[in-house]
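Enquirer: Chain by chain, the residues:
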Amino acid sequence: MIERSEVMGQPEPALADHPSAPDPAPVPLSAVDAVARMASPESPVPAEAVPVGGGAAELPVNGYPGGLDTVSNATATPGDLQPYAELGLRDDEYDRIRQILRRRPTQSELAMYSIMWSEHCSYKSSKVHLRQFGEKAPPSDRMLAGIGENAGVIQISEQLAVTFKVESHNHPSFVEPHQGAATGVGGIVRDILAMGARPVAVMDPLRFGAADHPDTARVLPGVVAGIGTYGNSLGLPNIGGEVVFDACYQGNPLVNALCLGVLPVQRLQNKAAAGPGNVVVLLGAKTGRDGIGGVSVLASATFDDGSAQRRPSVQVGDPFMEKLLIEACLELYDAQLVVGIQDLGGAGLTCALTETAAAAGTGMRVWLERVELREASMQPHEILASESQERMLLIVAPEKLDAVLRIAEKWGVPASAIGEVTGAPEGSGPGRLLVTWQGHTVVDVPPGSLVDDGPVYARPMREPADLILLQADRAETLPRPATAEALRETLLRMIASPNLCDKTWVTEQYDRYVLGNTVLAQPEDAGVIRIDERSGLGVAISVDGNGRYTRLDPYHGAKLALAEAYRNVAVTGAKPVAVTDCLNFGSPEDPGVMWQFAEAVRGLADGCAELGIPVTGGNVSFYNQTGAAAIHPTPVVGVLGVLDDVAERVPMGFARTTGNDHDLIFLLGE
Amino acid sequence: MTARIGVVTFPGSLDDRDAARAARIAGAEVVSLWHDDPDLHGVDAVVLPGGFSYGDYLRCGAIARFAPVMGTIAAGARAGLPVLGICNGFQILCEAHLLPGALTRNQHLHFRNRDQVLRIESAGTAWTNAYQPGQEILIPVKNGEGCYVADERTLDELEATGRVVARYLGGNPNGSLRDIAGISNEAGNVVGLMPHPEHAVEALTGPSLDGLGFFTSILKHLAGVPA
Amino acid sequence: MPRVVVDVMLKPEILDPQGQAVANALPRLGVTDVSSVRIGRRIEIEFTGQPDLDRAREIADKLLANPVIEDFSVRVADAGHAGESNP
Amino acid sequence: MPRVVVDVMLKPEILDPQGQAVANALPRLGVTDVSSVRIGRRIEIEFTGQPDLDRAREIADKLLANPVIEDFSVRVADAGHAGESNP
Ligand SMILES: Nc1ncnc2c1ncn2[C@@H]1O[C@H](COP(=O)(O)OP(=O)(O)O)[C@@H](O)[C@H]1O
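Going line by line, the protein sequences match chains G, C, A and W.
Each residue of the first sequence is one higher than the last, beginning at 1 in this note's numbering.
Each residue of the second sequence is one higher than the last, beginning at 1001 in this note's numbering.
Each residue of the third sequence is one higher than the last, beginning at 2001 in this note's numbering.
Each residue of the fourth sequence is one higher than the last, beginning at 3001 in this note's numbering.
Be aware that one or more of the hints could be misleading.
Mimicking DSSO-like on lysine-lysine, the simulated pairs with C-alpha atoms at most 30 Å apart in a straight line are [unchecked claim]:
| no. | chain 1 | residue 1 | chain 2 | residue 2 |
| --- | --- | --- | --- | --- |
| 1 | G | K410 | W | K3062 |
| 2 | A | K2011 | W | K3011 |
| 3 | G | K136 | G | K124 |
| 4 | A | K2011 | W | K3062 |
| 5 | A | K2062 | G | K503 |
| 6 | G | K286 | G | K410 |
| 7 | A | K2011 | G | K286 |
| 8 | G | K503 | G | K575 |
| 9 | W | K3062 | G | K286 |
| 10 | G | K400 | G | K286 |
| 11 | A | K2062 | W | K3011 |
| 12 | G | K410 | G | K400 |
| 13 | G | K575 | G | K136 |
| 14 | A | K2011 | A | K2062 |
| 15 | W | K3011 | W | K3062 |
Just so you know, the hints here were simulated from the structure itself, not pulled from any lab data.
As the structure is a prediction and not an experimental result, all values here were calculated from the model.
Build the full structure now, drawing on both the sequences and the hints.
Expert: Written out as structure tokens, the structure is:
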């Protein structure tokens, strides 16, 4: 008998926004509000008042709603109402799903489509623009993996390659700054790990509201402590980042995290679940009810009471487990025990199962009850949607399974074989993903339909009406300090401004020394990491962005961010070779925001073409807005460069010299 | 014969490779020791490296203390085996009662990473004999729970018997009582140190080369002791 | 002294890495009959006057617990309990 | 479920910077009648069989508390207390 009381019995206050929550994402009103809403003593409905789909005890497993919704049940009850709108799916999207399946989706399937077709996973509003990165990119023979993979991989010598990527964890970091930021670091680290690389450094471009706003006093220390705790505990040096204050980020702080990894070229991994008969292994932390806020609406009997049952989308990170996961995966790679691998991120098992299968064109058979759970009462759709951290999905040849489980055990990481790769039905076309739960089929879908056939929108775009006014207010018209005294005043004001002041309070909380390869870090313009101790081969990375420039002119603002990062890398003596980006914007449903986005992408793609370096990967974060007010469009750009010998790096400060042999100072450029 | 220095890896150890690198630069042969293996593989000295063993959950070092390898190390240490605990290693040594006192949350409640000046107070231990007494060195400190505490009597006794090995100068980074950065046991073979000498052994990656002395000290010490 | 105790525990569905690490370590101490360990905070608040439960509840809600991931409970301390040491 | 609670508090003579930070923040919330705040750990241990106080005391002594800086006390949980959420 399935114990359901934990799903239903404990009413949860409504959740605040989350990037992987169904979109259009509801945006929290204000800091205090969002938190207050979650804590509000008034909101929870008393347990008895929540209908539990009849007496839970007598309900047959395939009872619906509230019970287990199987494929046969879905076929038999085509007219049942489903909460697709609450899950963020549009009418036409829901119709598409029914066409694909030739029936209504089961609860589990509906959860999966709603997640995979969300903005966060499907890039449905950004796809048409992001294509330019590929189309305009200069040819690069260094790029071993690019956009579409977990992270771009760049070859830097005969034997070695590096991989890097920047990602956002903005909304969770507002709701729960410490854990939100911490799990942001955890997520990007697993992307890097999935490519076959050992993570070796992190960076953290951050944006907060006004420095003196009371809510900044809640968000900033929490975010910094979260990034510090997670990164420090993994043993990853933090080699740079940004701290920017602007009132536009008050209700929407930006927490972006970049990770750098290193791999021998032949250790490059991919996510394809190739080879029917191979075993699907879930490695890492047990699966719990983390971040399933959105889909918990499925547990409700009537959909309008769904909000009362939503669970918080907050995940708690366990950096210790992640550290063990890293070591276990690297040992598995080196022993050549892995056919394919994918990290579990925002969309949990749903994303990992469908993406690995779709990448290989194979099918998959999964026994969901084999997933190790933190709470036994979890329902299939919850298991499929769970965003529990510190997990990876492996595809393993059956004869290697024992060796894989042994290595997992050596590192104390739970591992279980949960499924099997299957072939195409009649040897033609892609296979199907078949998921059962205690003998009942709850999912039967073509995996590609979730991954590749999601909706794509060319959203309306319009230049914001106020842009002309903004641009007319030119810097040239501002009063200038005319006297020495006024100049002194201006200088003092600038030095005291939060955006220019010393960032040591933040950067001291990060370990910069661990691993012993940090050649340059804060307060340098770029971080430099030694990759090969013998040859001195290394890389330099800088991340930069300027929302105010981009607000005034998105095309040039994006180009400027790229140029700044490029310069910061170049001045260390490194040759810039690759770009990653995190595009933080407001709602794509706002034509003004969509225009900003399109212009920024065009600018970044053009800039990359002009500089001759490709975008290798990145991330889009939409819905960064409070009510109708969007943040400044904030593309954050990371540039990676190569140094043949890090001993030749050029640090930022003037060199100390002895005697009269002083350095000369030049100003280059106009 | 080159000295063999064992570096223990616990789940969650982070600075183990750095400790190994430093020992190697000093001229030692490095042997990796594993938390789950009680065998010390005939090493002449042991380094317990920095990191977050077992996530540093509960209390730093509290769980690591019960690792099988610690049983052997504790017995060895009592019989004179040189042991250096750095940061998390220091915490483990205190939890294992091989050193007195405890390391608690930094008084300012933050993790702090900075380059720190130390004064070597005792050059009489197995791990500090390459320094001059009173010598000032610059090495990184980085911890969240590095505030050394012990009762007054213990502190007085440590001072009186020359067992305060190093002290913070120019600002105490964590609130440690009497600015204590490192201590030793009575025999001087077991040393615990909060800052990280292994991160100051190469000009390219550290603030100085001042950390190397801890590793050359142990080689000197072992060379002087007939095997 | 009038004293209020606030117990703050992670909500049951939230991962508790600390508790898990301790539970995993117990077999090493020869303890095999423990099925779960959860670790939270115990906070003792001493008032200058009468212990004020409402006040304590407000402090807990605003400062001591994060309601997104934690539950708390508030009560007046059993006399003498807190000082009680147990070797 | 049989459950034992172990409360671990810093010894009175050991400085508690976290508690102090909370105490210092209280006046900003308008709370002026608190004289001290101490923050410790509350550990809930669930046994597979009968809650075993001696066993719990042994675990606390060896692992959960550091006798150099901490005191602890052990008791069987008030029924239903742990799950109790507030508000
Ligand atoms: N969040 C952060 N994490 C890590 N390093 C940071 C962070 N914010 C700023 N830094 C680092 O601090 C230094 C100074 O930053 P900043 O004042 O923004 O310099 P700049 O204006 O030259 O970019 C740089 O090395 C930068 O990388």
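Enquirer: What are the numbers of the hints the structure violates, in ascending order?
Expert: As far as the earlier hints go, not one is violated by this structure.
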